[in-house]
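Trainee: Sequence:
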Amino acid sequence: MKRIFALLFLVLSVQSLRAQAINDSLLLYLPFNGNANDASGNDNNGIVHNAALTADRNNTANAAYDFNGTGAYIEIPASPSLSKIYTSGEVTIAAWINIRNWYNNWNVFAVFEQYDPNNDWGSVLLEANWASGGILFESGYNTNYIGCDYPWNFNEWHHLAATYSKLTDTAKFYVDGNLIGSKEYHEVFSSDTVNTYAIGRSLSGPDEYSDGMIDEVRIYNRALKDTELQALSLITGDSGLPVTFGNVAAVIKGNALQVNFTCLTEKNNDRFVIEASSDGKLFKEIGTLKSGTGNSDTPVQYSFSLNMTSLSVAGFGLLAMLLLPVCKRNRHLPAVVFFVSTFISCTKTSGEIQRGMPGNIYIRIAQVDKDGTKAYSKIIQAIKEQ
1 MKRIFALLFL
11 VLSVQSLRAQ
21 AINDSLLLYL
31 PFNGNANDAS
41 GNDNNGIVHN
51 AALTADRNNT
61 ANAAYDFNGT
71 GAYIEIPASP
81 SLSKIYTSGE
91 VTIAAWINIR
101 NWYNNWNVFA
111 VFEQYDPNND
121 WGSVLLEANW
131 ASGGILFESG
141 YNTNYIGCDY
151 PWNFNEWHHL
161 AATYSKLTDT
171 AKFYVDGNLI
181 GSKEYHEVFS
191 SDTVNTYAIG
201 RSLSGPDEYS
211 DGMIDEVRIY
221 NRALKDTELQ
231 ALSLITGDSG
241 LPVTFGNVAA
251 VIKGNALQVN
261 FTCLTEKNND
271 RFVIEASSDG
281 KLFKEIGTLK
291 SGTGNSDTPV
301 QYSFSLNMTS
311 LSVAGFGLLA
321 MLLLPVCKRN
331 RHLPAVVFFV
341 STFISCTKTS
351 GEIQRGMPGN
361 IYIRIAQVDK
371 DGTKAYSKII
381 QAIKEQ
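Just so we're aligned: the sequence shown equals residues 1 to 386 in our numbering.
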């Protein structure tokens, strides 16, 4: 029995690690579930210009964007988080695309680009491009681009991805999770925190607008593995973040932590996992909240409370939890978890946060879909009240 239990625990642990890994180093995630909001937790929300919501590859309404080929695109403002594309030496750009037609006579379907008007060239770009042989990827303010053959068909959904690693000087191209090309590629990245990004539009030369549909845009500052890209291409159903977060706030008062947040909309939502960190990088689960109904078109307020009285050590209160050794896993952490708007109460699942330096406490909320897919809110710093 012990062996069976140990094996089951190992299997569940591996599955959990895989779910977490797919979101590791995620800088931008646009699931397009009714809007162009970023679900990576980095607040890189899109500004929609003339693009219209449409059904996605699973025929789910308002879950992808249709680009008309004449002036529709989504603008992503520059940000410090997205600039990590250039400083990490690795990048992955991935999206679901459905090409209706090539733009004009340029045979271009632009997926993602950052453009510098001073240099008149894209700093990073991914296109389905018949003229270059199938897929075009470029980086840097020059003509250092690379292509890979692929015979595109119109009016079909395909998962397109490209990765680059400076460590191996290699660019790889994937369609529907299959590696279709790997080429040697050399580039020196230049950081850009000024110029905006665009989805469905390329300005490298004349304006080129995509004619078709785009969904599930993901940008990483690491090169995803073959198995990870296969997993992304196999995800069906509502794989994006099915909630739209409103305000998120955390307060520490005495030995109690209070986390309050609002969900503006919810769709197929299962639960929330509250995570805390002492450095804003390494997070550990401290509790869970079950969704009230799982589906809502009106704002719902949630509240999570953690009473740390029993862990008060030398007056540190909640901070003591952040300094607990990992071995103290049997200590019980009393808590009260409840929904403000629906008055539903439940019990949290507890866990100790790994040792960190004393100081601030950071909170983020992991939203878990009914299929187990996880995505994060923005990271906030808990406010300490006297």
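Keep in mind that the hints were calculated from the coordinates and are not lab data. Hints may contain errors.
Each computed SDA-like pair below joins lysine to any residue, with the alpha-carbon atoms no more than 20 Å apart [to be verified]:
1) Lys-290 with Val-248
2) Lys-384 with Gly-254
3) Lys-183 with Asn-195
4) Lys-166 with Lys-183
The calculated label-pair distances, taken between Cβ atoms and stated as ranges, are [as the list claims (entries may be wrong)]:
5) Asn-178 with Asn-68: 38 to 46 Å
6) Thr-70 with Leu-167: 39 to 47 Å
7) Thr-227 with Asn-58: 39 to 47 Å
Ideal Cβ positions, reconstructed from N, Cα and C, are used throughout, including at glycine.
Trainee: All hints are to be evaluated individually against the structure, with a verdict given for each.
Mentor: Now for the hints, and whether the structure bears them out:
no.: 1; hint: Lys-290 with Val-248; in the structure: holds (17 Å)
no.: 2; hint: Lys-384 with Gly-254; in the structure: holds (8 Å)
no.: 3; hint: Lys-183 with Asn-195; in the structure: violated (28 Å)
no.: 4; hint: Lys-166 with Lys-183; in the structure: holds (12 Å)
no.: 5; hint: Asn-178 with Asn-68: 38 to 46 Å; in the structure: violated (30 Å)
no.: 6; hint: Thr-70 with Leu-167: 39 to 47 Å; in the structure: holds (41 Å)
no.: 7; hint: Thr-227 with Asn-58: 39 to 47 Å; in the structure: violated (23 Å)
Checked against the numbered hints listed earlier, the structure breaks hints 3, 5, 7; every other hint is satisfied.
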